[in-house]
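Here the protein sequences come in this chain order: A and B. According to this note's numbering, the first sequence is numbered sequentially starting from 21. According to this note's numbering, the second sequence is numbered sequentially starting from 21.
Check before you lean on any hint, since a few could be wrong.
To be verified - Below, in silico cross-link-like pairs of lysine-lysine (DSSO-like), each with a Cα-Cα straight-line distance of 27 Å or less: (1) B:K245 with A:K413; (2) B:K636 with A:K40; (3) A:K402 with B:K375; (4) B:K332 with A:K417; (5) A:K319 with B:K413; (6) A:K332 with B:K402; (7) B:K413 with A:K498; (8) B:K498 with A:K173; (9) B:K319 with A:K413; (10) A:K231 with A:K536; (11) B:K40 with A:K636; (12) A:K231 with A:K212; (13) A:K600 with B:K173; (14) B:K173 with A:K332; (15) A:K375 with B:K413; (16) A:K402 with B:K402; (17) A:K600 with B:K319; (18) A:K22 with A:K293; (19) A:K332 with B:K413; (20) B:K402 with A:K413; (21) B:K417 with A:K375; (22) B:K402 with A:K375; (23) B:K600 with A:K319; (24) A:K536 with A:K319; (25) A:K600 with B:K600; (26) B:K600 with A:K332; (27) B:K498 with A:K413; (28) A:K231 with A:K245; (29) B:K375 with A:K417; (30) A:K402 with B:K332.
Just so you know, these hints were derived from the structure itself, not from any lab.
There are 2 protein chains.
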Amino acid sequence: MKIAVAQIDVIPGRPETNLKTCLEAQRRGFNEGADVIAFPELCLSGYLIGDLWEEQSFVSELVDMGAELCAASTAGVTCFGNVGLDATQWGEDGRPRRFNAAWVADRGVLMRHPVFDLPFFPKTLLPNYREFEETRHFFDSRRLVTQLGRDRKECVAPVNVEIAGAPAKLGVYLCEDGWHEDYRFDVPQILKDKGASVLINLSGSPFTLGKEQKRHRIFSSQAKKLELPLVYVNCTGMQNNGKTLFSFDGNSTVYNAKGQVTHEAPHFTPSFKVVDTATARPRPTAAPSEMERIYQCLKNAVGIYMDRFALKRIVIGVSGGIDSAVSAALFTDLLGPRNVLLVNMPSRYNTDTTKNLARELIENLDTFSATVSIEASVALTKEQLDGVTIRRKGESKTLALSPFHLENVQARDRSSRILSALASAFAAVYPSNANKSETMVGYATLYGDHSGFLAPLADLWKHQVYSLGEYLNDAVFKREVIPRGIFDIVPSAELSDDQNPEHGAGDPIIYGYHDKLFESWMQRWQRVSPEEILVWYRDGRLEQELGLEQSIQALFKTDEAFINDLERWWNAFKGLGVVKRVQAPPVLAVCRRAFGYDYRESLMRPYFTRRYLALKSDLIKTD
Amino acid sequence: MKIAVAQIDVIPGRPETNLKTCLEAQRRGFNEGADVIAFPELCLSGYLIGDLWEEQSFVSELVDMGAELCAASTAGVTCFGNVGLDATQWGEDGRPRRFNAAWVADRGVLMRHPVFDLPFFPKTLLPNYREFEETRHFFDSRRLVTQLGRDRKECVAPVNVEIAGAPAKLGVYLCEDGWHEDYRFDVPQILKDKGASVLINLSGSPFTLGKEQKRHRIFSSQAKKLELPLVYVNCTGMQNNGKTLFSFDGNSTVYNAKGQVTHEAPHFTPSFKVVDTATARPRPTAAPSEMERIYQCLKNAVGIYMDRFALKRIVIGVSGGIDSAVSAALFTDLLGPRNVLLVNMPSRYNTDTTKNLARELIENLDTFSATVSIEASVALTKEQLDGVTIRRKGESKTLALSPFHLENVQARDRSSRILSALASAFAAVYPSNANKSETMVGYATLYGDHSGFLAPLADLWKHQVYSLGEYLNDAVFKREVIPRGIFDIVPSAELSDDQNPEHGAGDPIIYGYHDKLFESWMQRWQRVSPEEILVWYRDGRLEQELGLEQSIQALFKTDEAFINDLERWWNAFKGLGVVKRVQAPPVLAVCRRAFGYDYRESLMRPYFTRRYLALKSDLIKTD
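Here chain A stands alone, though its shape is the one from the complex (with noise of 0.2 Å):
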């Protein structure tokens, strides 16, 4: 069977772009004498684009469009994923009843479902983590297999078609479908023991960093244990959820009935692929290095973010740290240097180190570049408010800044007056540089470093970062535009005479444990907390769970100090750290769980289990 596997660009809520993509892939796959073209889910809308599905009219739109692009199936087999629609039925939030489905068309005829009698084939398993919520939005077919008392395993079924004029059963599923392992409900050996001859998944998958090594074990396995040819068709783009960005990597992959692989698309880039499932040749997959991997996320997402809203420049404070040298390097690389200001925003606090290092590193990128000191509006703002007598009737009071907040005041005074402002006038925007690890316990101030149009790095732990920095330098530039002098120097905010990096006075977060004590609140699928944490320091095992370089005793001396320590944080990324991310750019996401649609939290108090407070008692009075 001659399959064309249509790895195209989606663009979320531009159903009429992607209709003419759609009917130039299928043209091109019928003429190159393909038997089928297969493209991603919900290829028409996207799939992130929020209560959207909610307007009729454009469900309706999405229905004519898959409607024409079935009848423009002349020539053979068109399968495509797209909503389906129940008009005649509400689903459960009391709308017109819709289905995430695959539509397939047989020389211009839509097939049916057997069971439901619809003109589509529903998607059998709606995920519904991290920044799926798909039962928010599609009637659940396992529901409607029950409701219409039908064995369960009726909801799944092959299409039939005819392929070269002989029937043929394809086993057309959708995404989450293949994943079947904790649904109890095994998608593609329903789709075999129907008789399907062919396993056509359709996906609409965003990357995450390691899924597409666990995505080819699945689908490889699927496809050696159904002894089935097994073609997944991913889209690429950029899809979002208002506060997260994902980057939809395609890959899309053809494996034989042995589960090797016969053909693999590329990363991030739109292809198109006649494969002929019986003759195809297994290849061995490509297996670049992590870094590589997590630079072309961010590139394909920054730069379609910036390309579908006419974005061309770009200003960036340059403070001489690592988070600013690699957003600068990552922007210039992708709008050119003609299209990027790097500002240093230096105060009395910055020192000639990090002043010298961001000039050097705006010569070595030879982008533009201006030097807009705080001092004079610093000194404003403390003149004006610092000392300002409030009054009320018969009473009056003297207001003062403190130099904690005059930090804040030298923050906000970069980003929201002197970057915000030079965005303007350079008809540009500017990034948050903020990395995962600040983010997570709010380290960063708001309306200050805490704005952007995005948060590029934000889903980068700070140790990451640096490596980004490494692989700009070696495999992007390949030359040293990032000094070696910001790699080596300590992170420090300079916004006081304490926070002096050449008396190596820096962050008080210590990145070598803190990222992994972090990412394991945050990132593991069983995510621990800090009653999890004094188990495995009680224990002695906290390095080894953690995959920790050093001993914890090396950086914490007694108990009492690893747990003060252990509880600021948790109360940093409880407390602060959500009020500031509710309010923070858009994350591009790259890792599992990033903040936003992914990572979903509410505004409360931090809490230490009972547990956790008795462990600590124990500890603390055997100090």
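Chain B: place on chain A using the hints.
Relative to chain A, chain B alone:
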């Protein structure tokens, strides 16, 4: 049967406090002779706690505490909502299986579900719309019963207990189980069919304007139809999902078997009452004005938010306009005038009229006040950045700030510089005074008036803000604290010479029409888009569909003018509006569909359907 209706204040994420509250109410109930003590849904954890459900240590704590509350039920029956854990099974998210469940204990013994053989009774109908996303966190008991090969109805069962020495069947169910209309699964009917002699609905139901009337209708007719007394127990308090805050209104109600109200607990206030379902007499339900309810909702949620995070003071920028005036009056009522600092921040563009109105407001409220001009600071920014030269190798450019850029500079100067610093110095926070109309179309400046710790008015349309102003004068302060002139003057941003309200030059939003238009896009259950609007316009029934008071032709002379306006605001709503809302302060939900977690959106380019474009071209052709 004597049932203690324990309408407690549930604090999300504070199980130790909630357990204490429950134990006290339980003791009191048994002391007062109750047979059954009934608590709200998820009363130990809270309902809106984000992904905290994924922390196993937290879930275990809730299971332990549930067991404690059951063990303390020595003198009778206790039923309450709590997470149910089946640690022997996985959920579809690959984590230990959790249920949103009713726990029932009779004389210390935990009752088990007859079919599931679990020590709790899972909720049957899991809502997934608006702010609800229960399938993200909880296993679906309708799915479970099917997987066990049992009849669908077997997931619902009344609880067998002993009341006054005789066996009794309690129909305990959870919140949405009583709102079954769209689910085709009548939980209370099944409870009745299986012999329940009373219905006890444990709820965790956030306030929405108008929902209380609907609830009374639904529960009253449920009791009447099934000829059973019905006890509805709801919590009070405030819960949130980061971007959106919800006020919980309590208003627990007991209906007799005729559907008459025999007890009604207050709104937004914890309450405890032992009610005899047999003897209680009907009483009329109170129906306050809509504005009274809105004000209760606001005051409850804002008050709890400030209290929970130990915020005692507020700084508010008052412009002489209605939004900041209402905000000032609300916070003064809430915190007392000594904890409020009202700041006027004039520039050359502020008229004497609005400056005087602001001064009058301050005097009426008798709060602390200060005047801080933004002239010097804006001049400094202009001096530093307007005309700044940026350079790169062999190239330089001079940047300029346009009058529009300078409008944003003013807005950011007021908020990110002055209000932020004054809030620090006054040990306070500052609110965003944006209303829903502005928020919808992004008519506010990021890090400017779109900043603040909370946007308490951002779910009220402009016309509702005016009504709330009247209510504050008439019913709260009982004198004209908000000067009449603030109601009368045209709303204006006063950021340029063109925006002079003394000359009648106000906002571009025509609130009388646009409020209704925006509401149709956002708040209707069957949401509409420009396609439907244009059909109504063409057919001459726009006024009727939207409830406009004046003819649309009085506002727009030509079809083209109407269409340009329609597209302008749709583009703003779906374009820059989203960009700004992603970083906007949390919104307090009042009406149906608040921005943030209730109404979810993605950053996409605005879309017009093909039907819309065809309609438009027809109209313009004949113009």
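Check each numbered hint from earlier against the structure, then list the numbers of those it violates in ascending order. 1, 8, 13, 14 and 20
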